[in-house]
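> If you're matching positions, the sequence shown starts at 971 in the working numbering and goes up one per residue.
Watch out, some of these pointers could steer you wrong.
[Unchecked claim] Derived Cβ-Cβ restraints for the label pairs, each shown as a range:
hint: 1; residue 1: 1244; residue 2: 1091; range: 41 to 47 Å
hint: 2; residue 1: 1067; residue 2: 984; range: 20 to 26 Å
hint: 3; residue 1: 1136; residue 2: 1007; range: 27 to 33 Å
hint: 4; residue 1: 1105; residue 2: 1196; range: 41 to 47 Å
hint: 5; residue 1: 1052; residue 2: 1192; range: 34 to 40 Å
hint: 6; residue 1: 1098; residue 2: 1244; range: 37 to 43 Å
hint: 7; residue 1: 1155; residue 2: 1021; range: 43 to 49 Å
hint: 8; residue 1: 1091; residue 2: 1027; range: 18 to 24 Å
hint: 9; residue 1: 1194; residue 2: 1018; range: 42 to 48 Å
hint: 10; residue 1: 995; residue 2: 1192; range: 27 to 33 Å
hint: 11; residue 1: 1109; residue 2: 1007; range: 24 to 30 Å
hint: 12; residue 1: 1094; residue 2: 1179; range: 22 to 28 Å
hint: 13; residue 1: 1246; residue 2: 1031; range: 25 to 31 Å
hint: 14; residue 1: 1097; residue 2: 1067; range: 21 to 27 Å
[As the list claims (entries may be wrong)] The calculated DSSO-like cross-link candidates involving lysine-lysine, where the alpha carbons are at most 30 Å apart (straight line), are:
hint: 15; residue 1: 1166; residue 2: 982
hint: 16; residue 1: 1098; residue 2: 1166
hint: 17; residue 1: 994; residue 2: 982
hint: 18; residue 1: 1200; residue 2: 994
hint: 19; residue 1: 995; residue 2: 982
hint: 20; residue 1: 994; residue 2: 1221
hint: 21; residue 1: 972; residue 2: 1098
None of these hints come from the bench; they were simulated from the model. Where a beta carbon is used, it is the ideal one built from N, C-alpha and C, also for glycine.
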Amino acid sequence: MKLSVDHFAIRKRFREKEAFTVLKKADFDATDFSYFGWPSDDPVLGGEYLSYAREMRQMLDDLGLSCHQCHGPFAYDAHEPMDERSENYVAMERSLRSAAILGADHVTVHSLYVPWVSKEEEWEINRKYFKSFEHILKNEGIRIAIENLPIQCTETPEQIDQMIEELDSPCYAALLDTGHGMISNITPEDFIRRLKPGSLCGVHVQDMFEHRDSHLVPYMGEIDWDAFIKALREAGYQGEMSLEIIHFMEKIPTDLIPAALAYAAQTGRYLIRRFEET
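Construct the entire structure; sequences and hints are all you get.
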């Protein structure tokens, strides 16, 4: 099993190649590349985004890093049209094409929060939204990972499974955020066991406390990591162990980033060893 980490907080401190190098030196195998939080003129989403994606892929290859999963930009609002008239919608399309060049299997795409319509209408808007990208997914050989989000229409494993069933395509899969599940009063192990077998393609591993989306290194909060690992093993999970420790990293002084990442990587390696135990 490979060890990955969301690189959003790292990219805010370092240039592209430096960010990847820091991750590699900390002993991560891969990056969960984030398209979230960058302006539309950032190289990753700007007019030359495909060329830049190829440059980044070369950087990763040179360092011996991989990129199995990515984060979408998440700025799209349901008030906007689902076509090229929306800058945010175009950014999502570009992230899918760029992620494919990086070698990703899937891109995490958040469902849309649409509280001004009925639950039935919100569901249909989201089904249409996910479905609108299918032609790109098929052309690029990549999937959308639908993440569990508190208070939204993809909060529970049953809702995610239903959305995947209605989308009726192998281009969609489920992704568990351990902290989000806890906020929804669903433990990670319970979430995994309630998902349909084979639907889980990825995990965002973060610890939390007091129903906050804390994004901490495992064992800093309330999650029962032994129970999580046991459920992952029972489910036959074959994806990465991907840490999503954004808020932990944001508080670390830049000079201490390498040491903090090394500690996070050691913790991730420990989880992997527990997973691989017979």
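> Does each hint fit the structure? Answer for all of them.
Verification of the hints:
1. 1244 <-> 1091: 41 to 47 Å: 44 Å, holds
2. 1067 <-> 984: 20 to 26 Å: Holds, since residue 1067 and residue 984 (Cβ atoms, about 25 Å apart) stay within the stated range.
3. 1136 <-> 1007: 27 to 33 Å: 30 Å, holds
4. 1105 <-> 1196: 41 to 47 Å: At 43 Å between Cβs, range holds.
5. 1052 <-> 1192: 34 to 40 Å: Since the Cβ atoms of residue 1052 and residue 1192 sit about 38 Å apart, the hinted range of 34 to 40 Å holds.
6. 1098 <-> 1244: 37 to 43 Å: With Cβ atoms ~41 Å apart, the hint holds.
7. 1155 <-> 1021: 43 to 49 Å: 46 Å, holds
8. 1091 <-> 1027: 18 to 24 Å: Once the Cβ atoms are compared, 40 Å apart, the range 18 to 24 Å for residue 1027 and residue 1091 is violated.
9. 1194 <-> 1018: 42 to 48 Å: 46 Å, holds
10. 995 <-> 1192: 27 to 33 Å: 31 Å, holds
11. 1109 <-> 1007: 24 to 30 Å: 26 Å Cβ-Cβ, so the 24 to 30 Å window holds.
12. 1094 <-> 1179: 22 to 28 Å: Since the Cβ atoms of residue 1094 and residue 1179 sit about 36 Å apart, the hinted range of 22 to 28 Å is violated.
13. 1246 <-> 1031: 25 to 31 Å: 26 Å, holds
14. 1097 <-> 1067: 21 to 27 Å: 22 Å, holds
15. 1166 <-> 982: The given pair, whose Cα atoms are some 37 Å apart, is violated under the 30 Å limit.
16. 1098 <-> 1166: 22 Å, holds
17. 994 <-> 982: The given pair, whose Cα atoms are some 17 Å apart, holds under the 30 Å limit.
18. 1200 <-> 994: 28 Å, holds
19. 995 <-> 982: 18 Å, holds
20. 994 <-> 1221: 21 Å, holds
21. 972 <-> 1098: Violated, at roughly 33 Å.
The earlier numbered hints that this structure contradicts are 8, 12, 15, 21.
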